[in-house]
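J.: Residue numbers (the working numbering), protein chains in the order written: chain A, 41 to 385; chain B, 41 to 385; chain C, 41 to 385.
The set of hints was computed from the structure by calculation and includes no laboratory data.
Any given hint might turn out to be false.
A pair counts as met if it fits within one copy or between any two copies, since identical chains are not told apart.
In silico lysine to aspartate or glutamate, EDC-like type, Cα no more than 20 Å apart, as pairs [claimed, not checked]:
| no. | residue 1 | residue 2 |
| --- | --- | --- |
| 1 | K87 | D142 |
| 2 | K87 | E228 |
| 3 | K235 | D262 |
| 4 | K235 | D268 |
| 5 | K376 | E173 |
| 6 | K376 | E366 |
| 7 | K87 | D301 |
| 8 | K376 | D301 |
| 9 | K87 | D262 |
| 10 | K87 | E381 |
| 11 | K87 | E73 |
| 12 | K376 | D142 |
| 13 | K87 | E350 |
| 14 | K87 | E107 |
| 15 | K87 | D365 |
| 16 | K235 | D118 |
| 17 | K87 | D118 |
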Amino acid sequence: MPGPLTLAQIAARLGGRVVGDAEVLISQVGSLESARAGQIAFLANPKYRASLATTRAGAVVLAPATEALTRLPRIVSDNPYAYFARLSQLFNPVGIPQPGIDATAIVSPRATVPQSARIEAGAVIGDGARLGERVSIGAGCHLGANVAIGDDSRLYPSVVVYAGCRIGARAMIHSGVVIGADGFGIAEDAGVWVKVPQIGAVIVGDDVEIGANTTIDRGTIDDTVIEDGVKLDNQIQIGHNVRVGAHTAMAGFSGVAGSADIGRHCTIGAAAIILGHLTIVDHVHVSAATVISRSIRQPGTYSGVFPFDEHASWVRNAALVRHLDELAQRVRALEKHIAGEGKDE
Amino acid sequence: MPGPLTLAQIAARLGGRVVGDAEVLISQVGSLESARAGQIAFLANPKYRASLATTRAGAVVLAPATEALTRLPRIVSDNPYAYFARLSQLFNPVGIPQPGIDATAIVSPRATVPQSARIEAGAVIGDGARLGERVSIGAGCHLGANVAIGDDSRLYPSVVVYAGCRIGARAMIHSGVVIGADGFGIAEDAGVWVKVPQIGAVIVGDDVEIGANTTIDRGTIDDTVIEDGVKLDNQIQIGHNVRVGAHTAMAGFSGVAGSADIGRHCTIGAAAIILGHLTIVDHVHVSAATVISRSIRQPGTYSGVFPFDEHASWVRNAALVRHLDELAQRVRALEKHIAGEGKDE
Amino acid sequence: MPGPLTLAQIAARLGGRVVGDAEVLISQVGSLESARAGQIAFLANPKYRASLATTRAGAVVLAPATEALTRLPRIVSDNPYAYFARLSQLFNPVGIPQPGIDATAIVSPRATVPQSARIEAGAVIGDGARLGERVSIGAGCHLGANVAIGDDSRLYPSVVVYAGCRIGARAMIHSGVVIGADGFGIAEDAGVWVKVPQIGAVIVGDDVEIGANTTIDRGTIDDTVIEDGVKLDNQIQIGHNVRVGAHTAMAGFSGVAGSADIGRHCTIGAAAIILGHLTIVDHVHVSAATVISRSIRQPGTYSGVFPFDEHASWVRNAALVRHLDELAQRVRALEKHIAGEGKDE
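In isolation and in its complexed conformation, chain A is listed as follows (with noise of 0.2 Å):
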């Protein structure tokens, strides 16, 4: 860990304008609640404002509209959360793996492993696994015959990916991770249902990261795609054949069916679905357990989720969704009814 630096030096590195004593030392971050002296909080979310007061950080990042609320040391930033962002990496850098192979690592004569890797106890590498500079496979890891996995990238223990599948630079997956499993190909035949071969891969650009136990399907004839920069969640499901564009961000448990198209620079809510076959424009956002059922042509955020209520009220109203056509027909016979008072008159 670096050790400390003064709000002038991080500034200097960093940008954003110091407001106070620019000499007090800083050596980690903090969150308002819980910082002490010789730490450093942020406030982005205005929800938290009111530990502001109380925090015993030794500095705060805040945007200009906030900075008048307090006294302490600060850095002011018009991006406090992405500011806040680069500060902790500055004082949590991540490490470059120790290089080696474990002894009881089961690595093809046929894969390419660089010096400069890292392969963890019990991982398996298969024939043809081409790894870049500086990879680490953390334990009981699998990689597929023909896998490629970019500089710089990390997986971490218990990650699957099957053959052929190809990883870009500086991504970080997480245990679990499943990725160039069969899509869900299947189609029927007299009541019985027969399998379509799933012979495309999975294709994942650099800088992407992929929480734990998500799971990516291969294409069934071509590629499954990740694009660059994109950021996923845990427990997400991407289906056979989908593109992810680039930069585009996934909360939890949200999925994507088979064959579906994202754009770029979207955002999807935690637990959002979005089903097959449909095509979704860049800077959309789907808001949390949202499910888009057509395409999306237009930027703009979308939304659809049943509003929760105290249990006995939303009886009463899911009754009434399940009638709304008998209520709107009451509607329309009452101004029938008054259209015609008119006529009679």
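Got chain A; can you put chains B and C on it based on the hints?
T.: Relative to chain A, chains B and C alone:
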């Protein structure tokens, strides 16, 4: 991979009617978008009809209704998707696994493993486990005591099967699947949860495919049962004591809560949830993201999802949903008023 | 397994009132449907009352309200399900694991492992990890540096616990669970996502059960906390910085987004989602598939799910939901019209 075949040879094996040059040579399947000469594509979803005009495939499989839309050599089938599935199987056969037990696998001396079976690196086979002929157990799999796996079944790396569970023949089980973990049996007693031991097992029939990271819990007392020919996509959860009837297919993220009974030949859409202790008859189709909260006694298609919309529209309509009761009362008041008018006259 | 006990002996240990032959011998629990002589079943859910008439069980556990419905020897308890849970524990005790470290496990010399602990094949125990007495670590588990596991805890095969996380006593953690992967902390900056290092840990209390393939993310700065007695089903996702209060139970597929605070003694239904930065007080019950989008300050039951219906009905009603705003305006117009009539008179 088998050598190239003419359309005539393909039709001789798989049926279908050849239209156009029956001697064109095909060596692999392809998609309408990316197939080249020597590859055969298919058209089943009318959505992709436009691609038929531009495809560079050497031939296509399609239905009688669309056979006139192209001049390419073609095979006409009443079920082009199932035909294509079999065609792809022809060019992409599943190999018989290379038999042998990896030196790093841990196989109990009390397990039964035929010479034809394959056990990959680091897999653990418990006491009393029985593997069928040509079974393939992927790296890092764990089979508990007395697990049985039928002939020709394949477990991809990192599958866990708890003690006492049985899997039929020709299963394909993808990475990260957990079969036989404890069901969620807890009884509340004075604010504390008391665990109900889960002493049943999981019984999986023949010809079942299970997608990556799916979980199937063991029964509380009796067994959880997945019947023959069931196809489960990724990240599905099957609760304890459930039965999934033969030839039912469930899409990703769908789930069945404890003690529900699902019929045969059902399809359960992505992220659909069947609540506990329900019965669903054969030939029921549940749409994606639908929550089934009571038993279904009639075959048919059932749906229930809040339609998505632009965020601002959703906000307005969702607020009204929460006050539907009041709207209905206002309509009733109007009806009374008008009925009263009539009486007054 | 313990020898058979008479109903009188069972009641002497666990309480309850015996009705009928107190000397009938019981050696195992069973379900109403499949129990045979020598087995004891239970009736808690009135839905299964009809099975009471046909059961071949040797005895049953039931509530005072139903004790007259059978002539079988029976134990009457105010809480038959909890009684049955303890009874099943009596006949199906969790064994103390056979101590010992498998020859293929990789245990850091800087880890603390008592003689009473069990470490199965291929498990990896990191530097500074500390295991309590009688801890059992399944095959292929991976404990990162400085992980602590309390006495009598059991990890099934293929569990991953990232560095620095701590788990209390008597935990039962099922296969595929990932504890301590990075939370989904990303800050947008000019269209690119900047990673926020996740330097907190996960702290799990005593007597916690965690279902298969569940994921619990480490905190951004402070820790993610699962308090004593929490029960988590399969495939749950707990985001960073969340607190789940003591004795709360969450069903399969449910999830809590980052920084939410869930009270004690809550129940969260299957596939329910709690959005981020919310507070939920103690004794809140969230129905299955409900999305909680704002804080809940009052105990009670909360629901919100679109009621399912036959597809055609749903189509009609869902379309009307998207135009509720217009329907409400039409009702308002009718009210105005009628009010205007009144004024005219």
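J.: Each hint should be assessed against the structure and marked as holding or not.
T.: Now the hints, each set against the structure:
no.	hint	in the structure
1	K87 - D142	neither (48 Å within a copy, 51 Å between copies)
2	K87 - E228	between (52 Å within a copy, 19 Å between copies)
3	K235 - D262	within (17 Å within a copy, 31 Å between copies)
4	K235 - D268	between (31 Å within a copy, 14 Å between copies)
5	K376 - E173	neither (76 Å within a copy, 74 Å between copies)
6	K376 - E366	both (15 Å within a copy, 17 Å between copies)
7	K87 - D301	between (35 Å within a copy, 14 Å between copies)
8	K376 - D301	neither (46 Å within a copy, 48 Å between copies)
9	K87 - D262	between (46 Å within a copy, 18 Å between copies)
10	K87 - E381	neither (55 Å within a copy, 49 Å between copies)
11	K87 - E73	within (13 Å within a copy, 49 Å between copies)
12	K376 - D142	neither (81 Å within a copy, 80 Å between copies)
13	K87 - E350	neither (25 Å within a copy, 25 Å between copies)
14	K87 - E107	within (15 Å within a copy, 54 Å between copies)
15	K87 - D365	neither (41 Å within a copy, 31 Å between copies)
16	K235 - D118	between (53 Å within a copy, 17 Å between copies)
17	K87 - D118	within (18 Å within a copy, 46 Å between copies)
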